[in-house]
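Here the protein sequences come in this chain order: A and B.
Mapping to the numbering used here: the first sequence position 48 is 48, numbers consecutive.
Mapping to the numbering used here: the second sequence position 15 is 15, numbers consecutive.
Hints are not guaranteed to be accurate.
[What the hints assert, rightly or not] Derived list of chain B stretches under chain A, where covered just means 3 residues or more per stretch with a C-beta under 8 angstroms from a C-beta of chain A:
1. 16 to 23
2. 44 to 56
3. 62 to 72
Just so you know, the hints here were simulated from the structure itself, not pulled from any lab data.
For each residue, glycine too, the CB sits at the ideal point set by N, CA and C.
What follows is the residue order along each chain.
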Amino acid sequence: MSTGPGLESLVNQTISIITNDGRIIVGTLRGFDQATNIILDESHERVYSTREGVQQLALGLYIIRGDNMYVWLLRSVVGELDEELDLVNDLSKIKAHPLKPVIH
Amino acid sequence: MLFFSYFKELVGKEVTVELKNDLAIRGTLHSVDQYLNIKLENIKVVDDDKYPHMLSVRNCFIRGSVVRYVELPPDGVDVDILHDATRREARGS
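Just chain B, with the same shape it has in the complex:
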């Protein structure tokens, strides 16, 4: 549940999601759910000459299981708070 809560804090920020098929999509985080499925708005595909497959698309839903990375804005991360939360979560379980 930690990362679900963490991503909820990041709603509205711009993130880049890299998928397990090497496609990378940049967009504004619209919502996230318990499976870490991600909805992005106003998307732009990174390297869109190679991937014109999503030309007319503004928003997308990405299944959590196919995400490799989520790149976050550096100032969107409070590392100390994340450390504390992770320690608490580890202790709790």
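If we strip away everything but chain A, and leave its shape as in the complex, we get:
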């Protein structure tokens, strides 16, 4: 993969990103480059807490710098819509600690 991360197949798909500081951002991948900088459209952040259910904060069009992201969660193509619905329905009931930031 010396041409960069193999992300061509993901353009225009819904993906979630976990960032360096432990945030989860969901959006549609519009573009990327060799350094894994990405363009994320219709993005929102999912905030997990142990006290309340998951909150969603709308963000809009984002460019995220590659060295700030560390995991990309790729939604499966098959049954993508169903899974999305399930997750949305249960989000208010999910309580969890926020993810820890990355420590190098």
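The hints should help you fit chain B onto chain A, whose structure is shown.
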């Protein structure tokens, strides 16, 4: 380049990747690149009660720089071959 070649041999095997934020993800190794970025398929988060953040996710791409460990199947490792390759690499550089 040694570990890049080594991981290419392990494509298709099940591995557990532990990240620097303590999250551990088990899955089938789909691909690896020169930066040791890892793509896993059919993932399951270890300790998923604590980490429900990835519930509806099947596949993921993990940036090489955030990996702490990659746990391998014991029979997936030929230690002697790895030793030889490491010695060769050390001599070469």
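Right, here's what the structure says about each hint:
no.: 1; hint: 16 to 23; verdict: holds (count 5)
no.: 2; hint: 44 to 56; verdict: holds (count 7)
no.: 3; hint: 62 to 72; verdict: holds (count 4)
Violated hints are absent here; each numbered hint is respected by the structure.
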